[in-house]
Structure formats: C-alpha cells, structure tokens
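Taken in order, these protein sequences are the chains called C and D. First residue of the first sequence? That's 144 in my numbering, and the numbers climb one at a time after it. First residue of the second sequence? That's 225 in my numbering, and the numbers climb one at a time after it.
Don't take each hint at face value.
To be verified - Partner residues aside, some chain D positions facing chain C, computed with beta carbon under 8 Å:
# : residue
1 : L261
2 : V366
3 : P468
4 : V503
Rather than coming from a laboratory, the hints here were simulated on the basis of the structure. Beta carbons are placed, not taken as given, at the ideal position from N, Cα and C, and that holds for glycine.
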Amino acid sequence: MSTITKDGVSSPAPAKASPAKPRRGLRGSPTFNFWLFTGPFLIGLAIFVYLPILWSLYLSFFEARFTVTPSEFVGLDNYVTMLTDEEFIRSLVTFTIFAVFIVPLTWGTSLGLALMVNRLRFMRAFFRSVFFLPTAVSYVAASLVWKMSIFSGVRFGMLNTFLSLFGIDNTAWLASPDPPWYWLVILTVRLWLQAGFYMILFIAALQNIPQELYEAASIDGAKPGWQTFWHITLPQLRATSTAVILLLLVAAYQAFDEFFNLLNKTTWGRPPLVELYYKALGDSQDYGAGSAGALILTVLICLVTLLQGKFMGFGRGEESK
Amino acid sequence: MTTTTTPPSDRVDRVDVSAKPRRVRSGSVIGSTGLYLATGIAALLFLIPFYLIVRNALMTDPEITGEEWKWFPTDIQWGNVSEPFDDPSVDFARSLWNSAVVGVLHTVGTLLFCSLAGYGLARIPYQHANKVFYMVLGTLMVPTAVTFVPSFVLVSSLGWIDTYRGLIIPGLFSGFTCFLFRQYFLGFPKELEEAARVDGLGYMGAYWRVVVPNSLNFFAAMATITFISGWNSFLWPLVIGQDPSAWTVQVALSNYTTGQTVNFHLIFMATAISILPLVFVFLFLQRWLVQGIAQTGIKG
C-alpha cells in the first residue's frame with residue numbers, strides 16, 4: 144500500500160493473528176483505543192475548562208476578595224450584588240445593543256459579498272482574497288487603525304478629513320457617549336474583521352445549491368434576480384444561515400479586544416467581558432462577584448441559544464441532509 | 225487528496241470555492257459592469273485599512289498629522305522599519321519572538337490533541353462516545369468570562385504566570401477544534417482505514433500511517449486557522465503576560481495605545497510588522513484555508 148510510510152510514529156506492534164476480525168485483547172479493544180485517542184484531550188479539558196467552571200461556581204457562593212480560598216459562605220448574595228450592580232446591568236445592555244446590530248449586519252454583508260463574488264466571471268479569486276484578507280488581522284491591530292487613523296477624533300483623521308470636504312466639523316468619534324458615535328467605530332471594525340470569514344461559508348453553501356432548482360424555476364417563469372433569490376437561494380441557505388447566526392452570537396458574547404482597545408479609559412461601552420475583567424482582575428479583585436456575573440452571563444447565553452434553536456430550527460437542516 | 229482546481233467528485237461536501245461559476249449567464253453588459261463596479265467599491269473599502277497602515281508606517285509624524293491630507297508619503301521613510309526595534313519602552317523584537325513561539329507550539333499542540341480526540345469521537349465504536357461528545361460540545365456554550373478568572377488563578381497557583389507554559393497549555397484543549405476534526409473524520413472514506421486494519425494495523429497505526437497522511441490538506445487548513453487565532457489572541461496573553469518580557473506582540477501593540485507619547489509612524493510600523501507574517505501565511509495557504517473552512521461541516 145503506497146500510502147503507508149515506513150516509519151510510522153509510535154504505532155503499536157501489529158498483531159499477527161486474525162487480521163480481518165476485530166482484535167481481542169487490550170490493544171485491539173475499541174474501548175481502550177477510544178480512551179487512548181480522547182484521553183489526553185479530555186484530561187486537558189477537565190483541568191483547564193471544567194475545573195475552572197466548577198471553581199467559578201463554587202466561588203460565586205462565597206465572599207472572595209483578593210483570595211481564591213474563601214471561607215465565608217454568602218449564598219446568593221453575589222448574584223444579588225451583580226444583578227443590582229448598575230455597571231453590570233449596563234454591560235448587559237451594551238452587549239444586547241452590540242448583538243442586535245452586529246449579527247444582522249455581518250450576516251447581510253457576508254451574504255451580499257458571497258452573492259457578488261459568486262456571480263463574478265473574472266477575477267473571482269482576487270476579490271475573494273480581498274474580502275477574506277482582514278481575517279488575518281488581529282482585533283488589536285485593527286483597533287489601532289480605527290482609533291488612530293480612520294476615526295481619529297482630530298482634524299487629520301481620515302474620516303474627519305473626508306467630511307471636512309463637505310463642510311462638516313470635526314467629530315470626536317470615541318470621546319463621549321452622547322451622541323454615541325463610538326458604536327459606529329465598534330461595529331465597523333468587527334464587520335471588517337469577520338465578514339470575509341462568513342462570506343467563505345456562504346460561498347461554499349451557494350456552490351452546493353443544485354443547479355436544477357434554478358433551471359426548474361426559470362421553466363416555471365421565475366425571473367432571475369430577486370424572485371429566485373427569495374424562493375430558492377435563501378431557503379437553500381437556511382442551514383448555513385442558522386449556523387452563521389449562532390457563531391456570530393457566540394463571538395459577540397466573547398467581545399473583548401476591540402472594546403478594550405478602543406474604549407480603554409472610558410466607563411461607557413463596556414461589554415460584560417470587559418466589565419468582569421475590571422471587576423475580577425482590577426483593583427477590587429472581587430472573584431466572588433465576578434464569578435457570579437460570569438455565571439449569570441452563561442445562563443443568558445444558554446437561554447438565547449435555546450430560543451434561537453427553537454425559532455430557527457438549528458439542527459433541522461442537518462437532519463434533512 | 226488533490227490540490228488542483230478539479231473538485232474530487234466522489235465526495236459531495238468537498239467544495240472547491242475557487243471553481244468557475246457553473247451557471248452560464250447571458251446577463252447584460254450593464255448588469256455585469258454594475259456588478260464589477262459594486263464589487264470594486266466594496267474591495268476598495270476593505271483595502272483602505274491596509275493602505276492606511278502602510279501609509280502611516282512610511283511617513284513622518286508631521287506628514288501624518290499635517291493640515292493637508294496626503295495620500296502618499298513625499299519621501300518614503302524606509303528608516304522607520306527599524307524604529308519599533310529601537311524603541312526602549314517596548315521590547316518589540318522579544319514580543320514578536322514570544323508570539324512566534326506561542327503561535328507554533330499552540331498550533332502543534334492543538335492539532336495533536338484535538339485531531340486525536342476528534343478521530344476517537346468520530347470513528348472508534350465505544351458505547352459512551354456520544355456522551356463524551358456532548359461533554360465536549362457543551363464547552364462551546366461557556367463564555368470566556370466564566371473560565372478566565374479561575375483559569376488565571378489556576379495558572380498562577382501552578383506558578384505559570386509569565387511563562388510559555390502558562391501562555392500555551394491552557395489554550396490547547398479547544399472544544400471547537402475537536403468538533404471540527406470530528407466532523408471532518410466523519411466524512412473520511414472508511415475503506416482506506418479498513419484496508420489498513422486488514423493489513424494488520426491497530427487503531428493508532430491506521431491513524432498515523434493512513435488517516436493523517438491522507439488528511440494533510442485538512443490539517444494544513446486547521447494549522448493555518450489555529451496559528452492565526454494563536455498569533456492574534458489578546459485576552460489570555462494580556463492576563464498571563466504581566467512582565468513585559470512575556471508580552472506577545474498583541475499585548476505590546478495594545479500598550480502603544482495607552483502609552484504617554486503618541487509616536488504615529490512607530491505604532492503603525494509595529495502594526496504592519498505584526499500583520500506581515502500572517503498576510504504571507506494567508507496568501508500562500510489560502511487555497512487550503514478556504515477549502516478547509518468550506519469542509520468544516522458548518523454549511524448547508
């Protein structure tokens with residue numbers, strides 16, 4: 144067999160007997176091998192994911208400032224503290240606004256780009272690369288460009304220079320929450336960074352739509368363009384759309400980098416992760432309340448995900464495949 | 225597996241996104257011009273940030289902050305290239321090195337652990353495999369917010385603050401990457417492994433000698449994605465890298481924005497240098513990357 148290399152890495156010595164049948168003994172048993180394959184990963188997962196989650200749960204019921212070996216059990220006090228904490232509630236509102244805008248915005252933009260690129264006859268690879276390239280840029284680097292060049296609140300900032308051509312005065316994009324121009328900065332930076340990635344998923348899905356559907360539609364008199372898009376393309380993209388929206392929501396929940404770097408010194412526009420970062424690792428080092436906040440967040444995420452699954456039928460698309 | 229543009233026809237989910245459009249269109253010249261115009265404008269908008277980075281990196285500060293907007297530097301300041309490395313406030317070279325070490329080891333480790341686990345979950349008949357799979361899947365729902373504080377405490381009690389161990393090891397066990405590998409292996413042709421088993425190989429032997437060599441495309445795609453996310457990650461390195469000697473390049477960059485003096489060309493040169501390796505990785509490995517993303521099973 145040509146694919147077999149001579150020096151396989153640490154493979155168990157092949158048993159000689161009964162090659163066609165599943166081998167007896169430890170090395171051949173599926174159970175042993177299952178744990179051999181998954182064991183190292185699962186041990187890591189247990190230590191670095193499950194243990195922290197449980198630790199978090201434990202800490203959330205204790206008074207734990209500056210210490211992680213707390214002694215004073217406070218029941219649900221930390222949860223009450225967080226749910227009545229104005230800043231934490233505000234961070235949840237910030238997240239909600241963020242998600243309400245960024246999810247449909249990215250969904251629409253990436254689908255739009257995919258449709259455009261997919262229809263091109265020449266230079267498709269070039270344009271696909273252009274839209275995909277920002278995926279390589281970090282949120283930190285992009286935030287720098289947005290903050291110090293495009294949306295720099297001074298005269299020489301790119302957008303201010305451009306707007307001054309129309310006689311519009313300098314705008315300090317990030318300097319105040321009123322008017323909330325900072326949202327424009329936050330939303331565009333993330334849109335630029337992530338739209339290309341989801342465009343690839345949509346292009347793949349578009350190429351999977353059977354051509355016969357469009358032919359049948361044209362025989363039935365459907366006009367190419369809006370009609371076929373609405374009645375064929377969009378329904379065919381349903382499973383991808385659902386997955387994309389779910390991924391976008393999860394990514395939005397994890398928002399940290401751009402908020403931290405764009406709005407570092409401000410008290411507004413803090414999503415939950417930034418808020419908890421300051422609460423738990425800042426001056427007060429309140430691990431108990433921080434953990435409670437993190438768990439409230441998790442419950443919210445699970446609720447939203449379940450609701451989304453109910454309304455959009457996540458998984459249904461996969462079963463029909 | 226092939227790297228030519230012909231999509232293998234035996235598998236439905238092998239999508240070649242670079243293929244020519246299958247639909248033959250008789251669209252009007254006006255329609256096609258409009259399409260190219262719209263795509264071109266969108267492309268220009270997407271390229272502006274890259275242009276700004278290069279422009280600012282190669283200008284002098286007075287040119288950047290001057291009254292009049294300049295599209296191009298009057299004199300290209302090639303001397304700016306060395307400035308981030310000469311800047312005494314941030315050890316930029318060290319941060320690049322840290323990112324390279326973390327990026328490479330993060331990628332190797334993640335691929336090793338996650339691919340093995342993904343294969344085990346996809347292919348080895350074990351009665352509780354599904355339960356284990358749901359345990360892995362469940363971690364995708366847990367936000368970073370829940371784990372980062374206790375993880376930080378855990379890592380600091382292990383004495384791993386400011387070490388490569390602390391930067392790398394906790395991030396190796398990605399439920400998402402494991403999930404993607406499982407989805408991929410579910411679609412891997414069973415016949416190849418069965419042939420290997422008939423030839424007398426155990427599960428491990430078949431995996432290393434047959435499955436991995438025949439999945440190099442997918443491994444390359446996942447390696448690229450993992451390296452990019454490792455190089456670009458910020459929150460964890462920010463928490464772990466307390467001493468400047470342990471900063472990754474992202475933490476170093478972030479530090480420029482909070483610094484006292486704003487040295488525009490230096491900041492943008494540093495940004496350009498931090499992006500350059502990834503742009504190269506990206507342009508060279510793009511085919512694999514795009515196919516890999518298309519194959520991950522997140523699709524219609």
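Hint check:
Below 8 Å, beta-carbon pairs count as interface contacts, and L261 of chain D has none with chain C, the closest being about 11 Å; its hint is therefore violated. Satisfaction of the interface hint for V366 of chain D is found here, the shortest Cβ-Cβ separation to chain C being roughly 6 Å, below the 8 Å cut-off. For P468 of chain D, the interface hint is violated, since its Cβ never comes within 8 Å of a Cβ in chain C; the closest pair sits about 16 Å apart. Evaluation of the V503 of chain D hint against chain C yields a held restraint, the C-beta minimum of about 6 Å falling below 8 Å.
Hints 1 and 3 from the list above are not met by this structure, while the remaining hints are.
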